[in-house]
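Model the placement of chain B on the given structure of chain R, informed by the hints.
Protein chains: 2
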Amino acid sequence: VIETVRWKDGRVAILDQRRLPDERRVLACESVEEVAEAIETLAVRGAPAIGIAAAYGVALAARLAGGEPRPFQSRAIREASERLGATRPTAVNLGWALSRMRRAHDALGESDPATVERVLLEEADRILEEDLEASRRMAEAGSVLVPDGARVLTHCNTGGLATGGLGTALSLVTRAHATGRKVSVLVDETRPLLQGSRLTAWELTEAGVPHRVLVDAAAAWAIARGLVDLVVIGADRVARNGDTANKVGSYGVALAARAHAIPFYVVAPASSFDPSLASGSAIPIEERSGREVTRVGERRVAPEGATAFNPAFDVTPGELVAAFVTEAGIFRPPYDFTAERLAGGGGP
Amino acid sequence: VIETVRWKDGRVAILDQRRLPDERRVLACESVEEVAEAIETLAVRGAPAIGIAAAYGVALAARLAGGEPRPFQSRAIREASERLGATRPTAVNLGWALSRMRRAHDALGESDPATVERVLLEEADRILEEDLEASRRMAEAGSVLVPDGARVLTHCNTGGLATGGLGTALSLVTRAHATGRKVSVLVDETRPLLQGSRLTAWELTEAGVPHRVLVDAAAAWAIARGLVDLVVIGADRVARNGDTANKVGSYGVALAARAHAIPFYVVAPASSFDPSLASGSAIPIEERSGREVTRVGERRVAPEGATAFNPAFDVTPGELVAAFVTEAGIFRPPYDFTAERLAGGGGP
Numbered sequence: 001v002i003e004t005v006r007w008k009d010g011r012v013a014i015l016d017q018r019r020l021p022d023e024r025r026v027l028a029c030e031s032v033e034e035v036a037e038a039i040e041t042l043a044v045r046g047a048p049a050i051g052i053a054a055a056y057g058v059a060l061a062a063r064l065a066g067g068e069p070r071p072f073q074s075r076a077i078r079e080a081s082e083r084l085g086a087t088r089p090t091a092v093n094l095g096w097a098l099s100r101m102r103r104a105h106d107a108l109g110e111s112d113p114a115t116v117e118r119v120l121l122e123e124a125d126r127i128l129e130e131d132l133e134a135s136r137r138m139a140e141a142g143s144v145l146v147p148d149g150a151r152v153l154t155h156c157n158t159g160g161l162a163t164g165g166l167g168t169a170l171s172l173v174t175r176a177h178a179t180g181r182k183v184s185v186l187v188d189e190t191r192p193l194l195q196g197s198r199l200t201a202w203e204l205t206e207a208g209v210p211h212r213v214l215v216d217a218a219a220a221w222a223i224a225r226g227l228v229d230l231v232v233i234g235a236d237r238v239a240r241n242g243d244t245a246n247k248v249g250s251y252g253v254a255l256a257a258r259a260h261a262i263p264f265y266v267v268a269p270a271s272s273f274d275p276s277l278a279s280g281s282a283i284p285i286e287e288r289s290g291r292e293v294t295r296v297g298e299r300r301v302a303p304e305g306a307t308a309f310n311p312a313f314d315v316t317p318g319e320l321v322a323a324f325v326t327e328a329g330i331f332r333p334p335y336d337f338t339a340e341r342l343a344g345g346g347g348p
Numbered sequence: 001v002i003e004t005v006r007w008k009d010g011r012v013a014i015l016d017q018r019r020l021p022d023e024r025r026v027l028a029c030e031s032v033e034e035v036a037e038a039i040e041t042l043a044v045r046g047a048p049a050i051g052i053a054a055a056y057g058v059a060l061a062a063r064l065a066g067g068e069p070r071p072f073q074s075r076a077i078r079e080a081s082e083r084l085g086a087t088r089p090t091a092v093n094l095g096w097a098l099s100r101m102r103r104a105h106d107a108l109g110e111s112d113p114a115t116v117e118r119v120l121l122e123e124a125d126r127i128l129e130e131d132l133e134a135s136r137r138m139a140e141a142g143s144v145l146v147p148d149g150a151r152v153l154t155h156c157n158t159g160g161l162a163t164g165g166l167g168t169a170l171s172l173v174t175r176a177h178a179t180g181r182k183v184s185v186l187v188d189e190t191r192p193l194l195q196g197s198r199l200t201a202w203e204l205t206e207a208g209v210p211h212r213v214l215v216d217a218a219a220a221w222a223i224a225r226g227l228v229d230l231v232v233i234g235a236d237r238v239a240r241n242g243d244t245a246n247k248v249g250s251y252g253v254a255l256a257a258r259a260h261a262i263p264f265y266v267v268a269p270a271s272s273f274d275p276s277l278a279s280g281s282a283i284p285i286e287e288r289s290g291r292e293v294t295r296v297g298e299r300r301v302a303p304e305g306a307t308a309f310n311p312a313f314d315v316t317p318g319e320l321v322a323a324f325v326t327e328a329g330i331f332r333p334p335y336d337f338t339a340e341r342l343a344g345g346g347g348p
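Chains R and B supply the protein sequences, listed in that same order. Using my numbering, you'd call the opening residue of the first sequence number 1 and step up by one each time. Using my numbering, you'd call the opening residue of the second sequence number 1 and step up by one each time.
Treat the hints as calculated values from the structure; they're not laboratory data. Since the structure is predicted, the reported quantities are computational estimates derived from the model, not experimental observations. Please note that a few of the clues may not be correct.
[To be verified] Taking beta-carbon pairs under 8 Å as the criterion, some of the chain R residues facing chain B (in silico): (1) Glu34; (2) Arg198; (3) Thr205; (4) Ala224; (5) Gly226; (6) Asp229; (7) Tyr251; (8) Thr294; (9) Val296; (10) Arg299; (11) Pro311.
Ideal Cβ positions, reconstructed from N, Cα and C, are used throughout, including at glycine.
So that you can see chain R by itself, here it is in the shape it has in the complex (with noise of 0.2 Å):
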């Protein structure tokens, strides 16, 4: 289990992704507003784990306002709940945790602040125990998808980093390994950011799993060579009918995976969902600076004054997912997700 976000000491202590592998360093936030950075600047990043960072900005702010009276300690908890929810647009988790925190806070009525303190930092916890049993479930139940002999080719970070510290997709790969399956990674690198030759090869690594890092480009080579058995990813947002926003490159690999008759499985809990949205073309696609493309590190690469497109995020249609892996069970096509059918379970 790595930690990525914890209370600790009447702080939330992230574990600081942006200096990984490198330097293994934590940032101990002592304010909302660094919780709210550190989610923006990517410290913490993976639908998962913002969702639980964000839980825990808002247990900072309760007890940050703890000595206040009750109508200024809500007001400081509504302003954190404000502030955090406008860190980044696409991974519903961010929303969900921070409903959480609300009705949480809401039911307390008018108890004191040091009760309004414990109960939001207990609910908090309560998130994070969840994630961790969700991706539990989630390894357990996708374990059939990933053979003996199985070479998986995967996006972005979706290990423990992304999550609260067990990861979603990259769960049933080390689940697989763990158990005495010869399984083998191809890690997409990633960009801009690089989450997937900086973290999840960082992560196989540790896990003593045999991967090799590619670059984004060459994923359909790869595919079209023979060389993947299957495709797994995480999500930031997935719609009722299945369309699924994540990293930015998960779509053009489901098209290669499409091509070459290879199954591309989403594997993400149930809070990534968000069946109020009847398709994907709703999801807030978050745009980030352009510079994450012009610069690799410090470093400009394009010519100066260059200009890019960086859309962090992108959207694969429902119908190019062959299943998803919840901690309810798999669903099969068609989807139709609700909150029942998320909470109820799918296949087994």
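What follows is chain B alone, placed relative to chain R:
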């Protein structure tokens, strides 16, 4: 016209593309080995350009051995041709240019070394001149494919830098711009060596063509979003049936173009075609060092010890290509490229 490769004062002068866009430095190669290394390390790259560089490399060998008896000079020329021919396997232009040099040499029979030196330099000059003329003709023939208002996506660099100085696919765009059409370009950055953001963006900046760089993984999304009217790429080797080896990532772009019904054009001179191959499956695909992937410049981005899969090219099936543009005109499917047809001409 960019002077990518020129004969200067008895040396092969190569504009060092590894240093662009930051620095414009010319390598004055004084030995065949220096020319070979310039090709291997991508100081000069682009299928037509490496053919020209190899031709001048042979001319250089003839000159360096110009004071030797004829058999020694012949051996030096043969060895140079072998060394240069072994530098990179995929672009057929390399073998094509070396064949021409060999034929020119063979035709000389017992001529004296000074004549050999002169004739081989003339042949290399002719290869360069023909390339410039082919670029002019491709830009003219392909002009109808880039209408006013066209939003073009391209992968890698197919401008002057990839050729004798005028370009293949990119020349369609720069010509459209120069003739007053409003065109804009989305430039795939083209990992691992960033020929898109370093070279194409630089050429488009110099030409004043509006453009934005994007990560390769975002190309499919840009197409899905309706931001692209057509795709143009170059080619390193085209088989008889139109299967096209080009910079890795081209195939993924072709799949996305097909999925969204926008045309995908390949622009390449006859020297990039290899009618001796029935299909693309026989095209040798170069795999380069994994360090190009695990490092960006000198900076390591993947964990210590990480390995990479680094194919430099992929093969796009001819059925995904809406048209080929060569100096002989436009070819539409079904494709059956022969030397005669490539010389004789495609459609209007």
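Consistency of the hints with the structure:
1. Restraint check, Glu34 of chain R versus chain B: the minimum CB separation of about 26 Å is more than 8 Å; hint violated.
2. Satisfaction of the interface hint for Arg198 of chain R is found here, the shortest Cβ-Cβ separation to chain B being roughly 6 Å, below the 8 Å cut-off.
3. Contact between Thr205 of chain R and chain B, as hinted, is supported at the beta carbon level, the nearest pair being about 5 Å apart and thus within 8 Å.
4. The interface hint given for Ala224 of chain R is met, as the beta carbon of that residue sits about 6 Å from the closest beta carbon of chain B, less than 8 Å.
5. This hint is violated: Gly226 of chain R has a C-beta 12 Å from the nearest C-beta of chain B, more than the 8 Å allowed.
6. Using the Cβ-Cβ criterion of 8 Å, the hint placing Asp229 of chain R at the interface with chain B is not satisfied: the shortest such distance is roughly 15 Å.
7. The interface hint given for Tyr251 of chain R holds, since its Cβ lies 5 Å from the closest Cβ of chain B, which is under the 8 Å cut-off.
8. This hint holds: Thr294 of chain R has a C-beta 6 Å from the nearest C-beta of chain B, less than the 8 Å allowed.
9. At its closest, the beta carbon of Val296 of chain R sits 4 Å from a beta carbon of chain B; the interface hint therefore holds under the 8 Å criterion.
10. Using the Cβ-Cβ criterion of 8 Å, the hint placing Arg299 of chain R at the interface with chain B is satisfied: the shortest such distance is roughly 6 Å.
11. Proximity of Pro311 of chain R to chain B holds as hinted, the smallest CB-CB distance being about 6 Å (cut-off 8 Å).
Checked against the numbered hints given earlier, the structure breaks hints 1, 5, 6 and satisfies all the rest.
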